[in-house]
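Q: Spelled out, the chains give:
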Amino acid sequence: EPEVTQTPSHQVTQMGQEVILRCVPISNHLYFYWYRQILGQKVEFLVSFYNNEISEKSEIFDDQFSVERPDGSNFTLKIRSTKLEDSAMYFCASSGQALSGNTIYFGEGSWLTVV
Amino acid sequence: GNSVTQMEGPVTLSEEAFLTINCTYTATGYPSLFWYVQYPGEGLQLLLKATKADDKGSNKGFEATYRKETTSFHLEKGSVQVSDSAVYFCALSFPGGGNKLTFGTGTQLKVEL
Numbered sequence: 001e002p003e004v005t006q007t008p009s010h011q012v013t014q015m016g017q018e019v020i021l022r023c024v025p026i027s028n029h030l031y032f033y034w035y036r037q038i039l040g041q042k043v044e045f046l047v048s049f050y051n052n053e054i055s056e057k058s059e060i061f062d063d064q065f066s067v068e069r070p071d072g073s074n075f076t077l078k079i080r081s082t083k084l085e086d087s088a089m090y091f092c093a094s095s096g097q098a099l100s101g102n103t104i105y106f107g108e109g110s111w112l113t114v115v
Numbered sequence: 001g002n003s004v005t006q007m008e009g010p011v012t013l014s015e016e017a018f019l020t021i022n023c024t025y026t027a028t029g030y031p032s033l034f035w036y037v038q039y040p041g042e043g044l045q046l047l048l049k050a051t052k053a054d055d056k057g058s059n060k061g062f063e064a065t066y067r068k069e070t071t072s073f074h075l076e077k078g079s080v081q082v083s084d085s086a087v088y089f090c091a092l093s094f095p096g097g098g099n100k101l102t103f104g105t106g107t108q109l110k111v112e113l
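Chain order of the listed sequences is A and B. Quick note: the first sequence uses the numbering used here, first residue 1, plus one each step. Quick note: the second sequence uses the numbering used here, first residue 1, plus one each step.
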């Protein structure tokens, strides 16, 4: 079964450093997403991406965050200057269509620890 | 705004016990409803979904019915197994809202022999 893959699985970084989390969505999917889950809290929507641009973003997704699809297979989340409160599990996801009820496929997550 | 409320965990059951994990939602309109499962060390997987009132989603022995009158989507399984131990997330999304999912906090299930 096709799957969404994420790297790294775990990264530790110092506060203020830039981090790039990488994702390879399912190959024929068109819609891409990042979610995050702070330990013990809800899974939260960050951003959705379609046709090489952001289609929706949450209040969490401020200027320190950016997303990019640099080639035909990768989808990246960059955090420009990490803060302690950015420590979380970050999930990449993709779907074939952006219709409510359509299945979103999630990756295994990248655990980011900011120290 | 839209929100999802799940019963607090962890839930600990013996194998073959009956499982119910409660989920209620608050939303303007008629969302699609989902249950996702996260097994240890793995990502979120769609377990089942329902897109309109009175629909029943089912998969792997789990089922949930979309109850508009009680704004609920409780997850049930008649006989749990140790392999069902995981975290279960209830979620909703709206037509026209892309696939932005609003999740509950998750309920950890532990099944013991």
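Honestly, the hints are just simulated from the structure, not real lab data. All values reported here derive from a predicted model rather than from experimental measurement. Please note that a few of the clues may not be correct.
As the list claims (entries may be wrong) - Straight line, CA to CA, 25 Å or less: simulated DMTMM-like cross-link-like pairs of lysine to aspartate or glutamate:
#1 A:K57 with A:E1
#2 A:K78 with A:E44
#3 A:K57 with A:D71
#4 B:K110 with B:D54
#5 A:K57 with A:E18
#6 B:K60 with A:E1
#7 B:K60 with A:E108
#8 A:K83 with B:E63
#9 B:K110 with A:E68
#10 B:K110 with B:E69
#11 A:K83 with A:D71
#12 A:K83 with B:D84
#13 A:K57 with B:D84
#14 B:K60 with A:E68
#15 A:K42 with A:D71
#16 A:K78 with B:E42
#17 B:K52 with A:D71
#18 A:K42 with B:E63
#19 A:K42 with B:E16
#20 A:K42 with A:D86
Claimed, not checked - Here are a few chain A residues that sit away from chain B, every Cβ distance over 10 Å (derived from the structure):
#21 V4
#22 T7
#23 N28
#24 Q41
#25 K42
#26 N52
#27 E68
#28 K83
#29 A93
#30 S95
#31 T103
#32 G107
#33 G109
Cβ atoms here follow ideal geometry from the backbone N, Cα and C, with glycine treated the same way.
Q: All the hints need checking, so say for each whether the structure fits it.
A: We went through each hint and held it up to the structure:
no., hint, in the structure
1, A:K57 with A:E1, "violated, 29 Å"
2, A:K78 with A:E44, "holds, 17 Å"
3, A:K57 with A:D71, "holds, 21 Å"
4, B:K110 with B:D54, "violated, 29 Å"
5, A:K57 with A:E18, "holds, 20 Å"
6, B:K60 with A:E1, "holds, 17 Å"
7, B:K60 with A:E108, "holds, 21 Å"
8, A:K83 with B:E63, "violated, 41 Å"
9, B:K110 with A:E68, "violated, 38 Å"
10, B:K110 with B:E69, "violated, 30 Å"
11, A:K83 with A:D71, "violated, 28 Å"
12, A:K83 with B:D84, "violated, 36 Å"
13, A:K57 with B:D84, "violated, 33 Å"
14, B:K60 with A:E68, "violated, 36 Å"
15, A:K42 with A:D71, "violated, 31 Å"
16, A:K78 with B:E42, "holds, 23 Å"
17, B:K52 with A:D71, "violated, 37 Å"
18, A:K42 with B:E63, "holds, 23 Å"
19, A:K42 with B:E16, "violated, 29 Å"
20, A:K42 with A:D86, "holds, 14 Å"
21, V4, "violated, 7 Å"
22, T7, "holds, 13 Å"
23, N28, "holds, 16 Å"
24, Q41, "violated, 7 Å"
25, K42, "violated, 5 Å"
26, N52, "holds, 15 Å"
27, E68, "holds, 19 Å"
28, K83, "holds, 23 Å"
29, A93, "violated, 8 Å"
30, S95, "violated, 5 Å"
31, T103, "violated, 5 Å"
32, G107, "violated, 5 Å"
33, G109, "violated, 6 Å"
When held up to the earlier numbered hints, the structure conflicts with 1, 4, 8, 9, 10, 11, 12, 13, 14, 15, 17, 19, 21, 24, 25, 29, 30, 31, 32 and 33 and fits the remainder.
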